[in-house]
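**Q** Protein sequences, first through last, are from chains A and G.
Sequential numbering from 1 applies to the first sequence in our numbering.
Sequential numbering from 1001 applies to the second sequence in our numbering.
Be aware that one or more of the hints could be misleading.
Chain G side only, calculated, beta carbon under 10 Å to chain A, not exhaustive [unchecked claim]:
| no. | residue |
| --- | --- |
| 1 | 1092 |
| 2 | 1095 |
| 3 | 1297 |
What the hints contain is simulated information worked out from the structure, not anything from laboratory work.
Note that beta-carbon positions come from the ideal geometry of N, C-alpha and C, so glycine has one too.
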Amino acid sequence: MRSVDADLIRQPASVLAAAISEGEVSSLEVTKAHLARITEVDERVHAFLQVTGEAALAAAELVDEKRRAGAKLGALAGVPIAVKDVLTMRGVPTTCGSKILEGWRPPYDSTVVARLRAADMVILGKTNMDEFAMGSSTEHSAYGPTHNPWDLTRIPGGSGGGSAASLAAFEAPLAIGTDTGGSIRQPAAVTGTVGVKPTYGGVSRYGLVALASSLDQAGPCARSVLDAALLHSVIAGHDPRDSTSINAPVPDVVGAANRGDVRGLRIGLVKELSGAGYQAGVLQRFNEAVELLQGLGAEVVEVSCPNFDYALGAYYLILPAEASSNLARFDGMRYGLRAGDDGSNSVEQVMSLSREAGFGAEVKRRIMLGTYALSSGYYDAYYGQAQKVRTLITRDFNAAFDKADVLISPTAPTTAFKIGEKVDDPLAMYLNDIATIPVNLAGNCAMSLPVGLAPADGLPVGLQIMAPPMADDRLYLVGSALESALTDKWGHLLIEEVPSL
Amino acid sequence: MSTNHETVPFEEAMTRYEPIIGLEVHVELGTNSKMFCSCSTTFGAAPNTQVCPVCLGLPGSMPVLNRVAVESTIRIGLALNCDIATWCRFARKNYFYPDMPKDYQVSQYDEPLCTNGWLDVTVATDEGPQVVRVEIERVHMEEDTGKLTHAGGATGRIHGADYSLVDYNRAGIPLIEIVTKTVIGTGSLAPAVARAYVTELRDVMRALGVSDVRMEEGSLRCDANLSLNKPGEGWGTRSETKNVNSLRSVERAVHSEIERQAAVLDSGGRVIQETRHFNEDTGRSTSGRSKEQAEDYRYFPEPDLVPIAPSLAWVEELRATLPEVPSVKRARLQNTWGINEFELATLVNAGAVELVEASIAEGVDPAAARKWWTGELLRVANERGVELSELPVTVGQIARVEALIADGSLNDKLARQVFEGVLAGEGDVDLVIAQRGLAVVTDDGALLAAIDEALAAQPDVAEKIMSGKIQAAGAIVGAVMKTTKGQADAAKVRALLLERLGVSE
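Pulled out of the complex, with its shape left as it was, chain G reads as follows (with noise of 0.2 Å):
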């Protein structure tokens, strides 16, 4: 278990070591049939109900590869400027365990689809942002294993527990593996580069349709591996941490990674090569399994099934089909919206780019639409942990307040009030206005009377006004909202302060 002493802290830690990181991010592909079979792959079905004897590993059944999830690998591979294999195969990864039908894996090993790409990420830095570039080793596919649930027990794992249940559902839906190469000299960026990453990828993944990228559901996992060493020595041991759940977590993995792998060194100790299990309650990793016997998996070419050779035609094909790049895309962006790259990068470190694009979709003004993303829904989101775009509010509430607000129906507090009712689940934009009586005040009567109440308990300010200082007005501005509690149109309120007391601006 992690104390508080096994760490140190990470600025501390950063004068001492330097980081080398390495990332797996695994995508499950979201084609509507499995791997090798013809079963579905929809998410969230009864236990052991989307089976048959392929994806069961039955005696005697055997695998057919699914077409699409080999163009999805290719598109993604292009996507991330990879080499695309003009011959390569499958292989058998053997080992046992409940949750694998055959007791192997079928999966690529020497022959992946994809090789040699990377992918441009940038991090914001005290500096301004920086574009790091990851380097990508490969891109293969493999199939998913079926999913166990431990009961009793005391740590949800399969040792101690009292029985185990296993969903097959899972077991054979396409998953690809992208594996970065080591990622040297990013210092204490290195958290930040590993979020920024992942984010990129996903985005990339979202772009290209080929997946549904949700670290919640478990459609996009992470291992972050870790190894720090002495400036000027040789690399050190590394950790692989598992369980990073979110784009948040990655960066917090890294980052307490960083402090118990500095605290073990510092200490005169071992880093163990090992796999580590990431808590997101505590965002420190506990000790798993060893990986210093590597383990034997035995690999050895499919034999039941062809290889993948595709022509230079098909993979043309499907490079015609590629998305514009997210980076590409966000310089496009930022030139059509007018921002600076403090702007960009703010709008891409909230995660807030597509929503954005959406929102201007739906009708919303560029500024107003930034504004919103990246200020009052960025600060609930951050509240809750959550990212943006699982936030339960959409593009067309955002186009709806918009629109209220234009024609005088709300002003930005009122706004905020029905953002913080739709948050909170109750109900849409106009039901939230009806339910807490949001609207603005437009009756003039009303606005009058608080106007004058404001004049007669401020005299002195009316005077100033009177006399030219027309900047003074947003005393009593200031006064009227206040008694209006909010629901007036401030604009309004002053051109009525003014128009009273007969002056002109």
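Just chain A, with the same shape it has in the complex (with noise of 0.2 Å):
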């Protein structure tokens, strides 16, 4: 590999499309670099399912034929990019992570993914997610789990640990992932990287596959704050084909990031959101985050969020039930696995035979949690109550942003986990989300950015910055305030101390 490669490889994806832009470098040729790189270390990390490497460099050909031609190209036009394999693509398989969808090629575009092309950029392919996003570390993927670069023997968390690996593997210097609960942002605490979920209704959920309507966001994942708030922008606004996309400009989150700036502010700390159940070195990262925040210039109180002490549990009947609704469509009819069709069976039995075969544990789980939550006579127990806790955390949300301009806490409670540690254990697989979830709950914006290694584990920390619905530039503007002390503190920016692979 060229020396050039490498470089390239590590720039910022601000930076790649300055240069491409100028002509100082092409999509090829960054392309290239990119795809060489997958295929140097992917069999190690398994952050994609699918690469789509020829559509790749017909898309950077493309874009270089068009700089030549002196189009006027976009902000990030000719980075490469990779997707969660929860977004439909034209003619690419997109598998959810799941059996049930092997083979299935969507005969559509994804919002996300029609904004990514018509921003000139390029795709480099599908990433590994547990399936249909259900999990916490990638584990539950039914194509093998995803390596976290900091330590190939632990998780990159999840579900989008595919792009949040890729992110520090250096494989993609942009990625789309979709949080739930915490899908963006766990992974990204866990990788050191950057992961947005904006809020609800502000990037579309066309073409994305439903884990849980009312939850599900598709989000920015990067490097470095500015780098996402590029993407953000890109893939942020109303989309008239999905009803909940909310039909307002998009904040200037690309404004905010550049402006990077705290003084002022006031920054509400969630008791709720922290103590029993942190991990030591977590806390310690975070708290010293705190303090240098302060020393920007921002104040700092501390705000309380009761009911966030039941978001874990309302989130847990809200989320199945969603579920076990929008998988229901996968039954063996119309496309994906079929099992059971040999001609003695009735059209129930394949449905359920192509079920039992094509779902995994946790997915089948969820199903049943969910279809129950949902049943005559449980519905107002359950359902009902969740969505009378959500409505309270949205009103705690309210309370503190009469308080605060944003909140933070740490992202996840531990650093990243040993793979197979957790992975029969499903109540401590959702503990790693219970400080993500209320942000999904209330509808609101949130971000996760690194903020140190933990000193017992040398494994990276993540904060997480809340901020209120269609606030999301707060986001970027105190992310970005924080990411330039910490990288003026440490000489660069936290990932560049992940071990090369």
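Mind assembling these two chains? They're in different frames, but the hints should get you there.
**A** As structure tokens, this is what we get:
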């Protein structure tokens, strides 16, 4: 490999984009460098389920032609990107990490993918994930786990472990994730990268294979706050194909990331998202970041959100309930895996056998939970109550945002754990998302960014910034200020410390 | 299988039991595009050609509500005197079936768009027309499912079929469901009330222009719920009869279900809560799916759609677009046409009001229009077991025939033969006249010859007429009509006859 390639893969997307637009490097060179890196390391990382090399090279050449012809290019034109395998992409297998969708090629692009294409970005492939985005470790992928580039024996978080790992392994400078309960933010935290869950309705869900429709949200994954902002502005904005999409201007996230200022900002520490259950090293790095923010001129206040204690319980009723309905269509009738169709079984039996064969244990567990929660006679006690908790959590947020402009907490209670450590203990696994779930329930926005390595295990720690709905720009304002203060302290971004593979 | 000893004759059943009916009517809205996507709704296209990721329920696809469908539903609600919800949501009705692309149906559950309405219907009784108010519980929106065709097997049902084909062209077509409250106290009028209600509903939909309401194409479907109880006792268990595909069948289905349930109860049996399948040929129903264990559809609010919150201003805007209510319109027409209640009821029951109105608009005399639609044409419709509107005859053809009668080219008898030809598919009015040679004999010479022949054959009659008994002329006119095979103008024959005999009236 030429040395220029090694440099290209470590560049921020913003730098690559500028270089491509100035003609200093071609998109084709950048794309080839990343494809070469994938070939080199992905056997060990397993971030990708599908690499669309030929299509990527063709797309890159097209961008280069456009540039040579003097066409006006977008802010991220020619920059490669990895897409979580839960978003449809015309003609490219979309599995959602499940056997039941093996071989299915969607006949249409998701809006997110369409916007990436419209922005002349180069899609490298589809990334690994927990089956149907159910999990916090990517171990529930039917195609085998993804490994954390910081320590290949550890999980990269989940469900978007593939997207986060692809960034940390320098296989892609940007990636798309989706976040239903923390699936962008928790992987970002444990891989030392940046991940943003935009305001619900901020990014179109059209073509995002639904896990829990009222919670799902696609968002940017990057190695820096500015790169995340650039990607955010490409994919966000109203989409008439998604009725829940917000018809309002996208907050100026790029401007906020460029400005990066916390002076006079009130930052709320959420009392309930700290203390017992959080790893000491996580709390230590978090507290140091709080002091840093204060030093930058922020006013730190403590806020209480008492109903957050019920968030996990409510989430594990609402999510399975919606998922049980969303995943009903995977019945072997129209696409994907079909089992038992040998002429001896009824249509109901074939549906049942296909689902039995095609779904993994965690998916089955949640479908059963959800089916139960929606059943006649139980609906009010489970789904109905959970919706009330959801309202209370939203009120807690509203009250907290009266006192603070943004709220902060550790993103995840622990650093990356070992592959296999929690896979047989669903409750322990669910606790990974304790700090990220309230935002999904309330529909506002949040970012995770790295604030250091935990002293005991030397693994990345993430800090979560939460802002009110459609105030996504505040995430970038605070995140960028904190990131540059930390960069000043360390002399580089945290990701530079990731071991070479 | 139903056999005769399992039914009690209707009149006898009515001496012991009181029926309670409830009707669920599904109407396919005539929107250009489907409920949640832009696919066409045209009937009869090649299978699976009017589909897209949304109506196929492909992973990742999302619904976007059709505004026209909401408007149509609100207008229907207003026409049925309903309250329009200021805020309501869709729900998912979850169940696995291959005609459902998503294995759930997007429908409205506990938050329907329209509630608490009514519709007055008129039924004919021995004591004259009677108005019955049918109360409406709700009008809600839902998406239609795909259409399954089961090949092989004896029953035409999915179980036992060799294979099944599914056409998703219909999946996602906007449907509205109109559910009545229980209709009590109609006694032996129950079957007629059921029919009159569906007829009236159809007329309302037609007047609103929201659907083509063709029962034979399934754009209007009726499920009839019925239970029987002894006077003074609690309500019985109800059955739900489906596959009722014509207005006539609505009446027959209720009628036959009363006879069946009466027999079950008479023998000390228990009516089972079930879906029954009506058979048009036998006029009886067969047992379908049991509803004893109520299916759990696990309804919950559809998270992919936002709530519908029609503003008052919008609702009033839509109210202003409502056409004249069919019953009000009928009262007006009764007045304009100068007909009595009974004559109006005859027109209504025959489904002839709009046809008569349209004929008059084409220039046909009101009395003549009524005469044709409730006379000869109705007789043929009944004979064929179809609706008047389904007969292959147009109001333009009636206008043409009437014009030919007026100018003496046709008489009544010939006109009937013209319609016979038109209804038999022999072509348009003038073609039938030409091919059948139905023109009135206008040649005075030929008529006079026939008159002379008749006078010669009945000299006594000729005497009577000449002696002033002019009413006796009928016998000679009749004879002339006979020799000319009806192709003469009777009035003209009479005038020629009197002239011949030198008699004046």
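**Q** Does each hint fit the structure? Answer for all of them.
**A** Hints and how they fare:
The interface hint given for residue 1092(G) holds, since its Cβ lies 5 Å from the closest Cβ of chain A, which is under the 10 Å cut-off. Taken as an interface hint, residue 1095(G) checks out: its beta carbon lies about 9 Å from the nearest beta carbon of chain A, inside 10 Å. Nearest Cβ of chain A to the Cβ of residue 1297(G): about 8 Å, under the 10 Å cut. The hint holds.
Comparing the model with each numbered hint stated earlier shows that all of them hold.
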